[in-house]
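Quick note, the sequences are listed as chains A and B, same order.
Note that the first sequence covers residues 24 to 135 in our numbering.
Note that the second sequence covers residues 283 to 395 in our numbering.
Be aware that one or more of the hints could be misleading.
[Claimed, not checked] Here are the computed distance ranges between Cβ atoms for each label pair:
| # | chain 1 | residue 1 | chain 2 | residue 2 | range |
| --- | --- | --- | --- | --- | --- |
| 1 | B | Q291 | A | P84 | 21 to 31 Å |
| 2 | B | N334 | A | T39 | 48 to 58 Å |
| 3 | B | N300 | A | E90 | 25 to 35 Å |
| 4 | A | P106 | B | T346 | 33 to 43 Å |
Keep in mind that the hints were calculated from the coordinates and are not lab data.
Please read all numbers here as calculations on a predicted model, not as lab measurements.
No residue lacks a Cβ here, since even glycine has one placed at the ideal position from N, Cα and C.
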Amino acid sequence: ETGVTQTPRHLVMGMTNKKSLKCEQHLGHNAMYWYKQSAKKPLELMFVYNFKEQTENNSVPSRFSPECPNSSHLFLHLHTLQPEDSALYLCASSQEVTGKEYFGPGTRLTVL
Amino acid sequence: SQQGEEDPQALSIQEGENATMNCSYKTSINNLQWYRQNSGRGLVHLILIRSNEREKHSGRLRVTLDTSKKSSSLLITASRAADTASYFCATAGSADNNNDMRFGAGTRLTVKP
């Protein structure tokens, strides 16, 4: 257990659905991250939040919408996704944006 | 964009043997980190080595960094079946934040009992 939890662990959704991924960290960290891990591709950083403020958006399509209501929680709202968005979505946190990152177990997303 | 590239892509060894994985990168870095990912789990941080360091140890793990060759290696000594996992290197170019952290595609290590 790394202190970072993600729900759900698995999600299957249609292209017209709206769903949300949730991440919670119990480590008192100030920075949180969303990563996408696709098959046979390197892990990609999507969003970075530091003290609830978004500091990075790596050219992610608008069908992915992050939300960070407080330093312990991070959401990724999904709508009108494409099949190529199927991937493992990993959340991570670190004490500060320069620190060692602790990863959650990920949400395995399948878009039909 | 991808920064670190692990080599080999897959490695299979017997329990007790040593495993060496390499990572090469293209631009200057502030630090390089190694992670392990077991099936069905998130990434676990193993070691961070800074650009001014050449070698670090943690238990059975040894990491080296050669900034002149833009490469790093991860050595696992006396491997165990539980070491079976994918291993990723990640580079960070900035000392100020992890915003530019880039991961490689990983090396899949299989340790046979």
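Check the following: the C-beta atoms of B/N334 and A/T39 are separated by a distance inside 48 to 58 Å. Because 52 Å falls inside the window, the suggested range holds.
Determine whether the Cβ-Cβ distance between B/N300 and A/E90 falls within the hinted range of 25 to 35 Å. violated, 45 Å
Is the hinted range of 33 to 43 Å satisfied by the C-beta distance from A/P106 to B/T346? holds, 41 Å
Verify the CB-CB distance for B/Q291 and A/P84 against the hinted window 21 to 31 Å. Holds: the Cβ-Cβ distance is about 29 Å, inside 21 to 31 Å.
Violated hint for the displayed structure: number 3, the only one.
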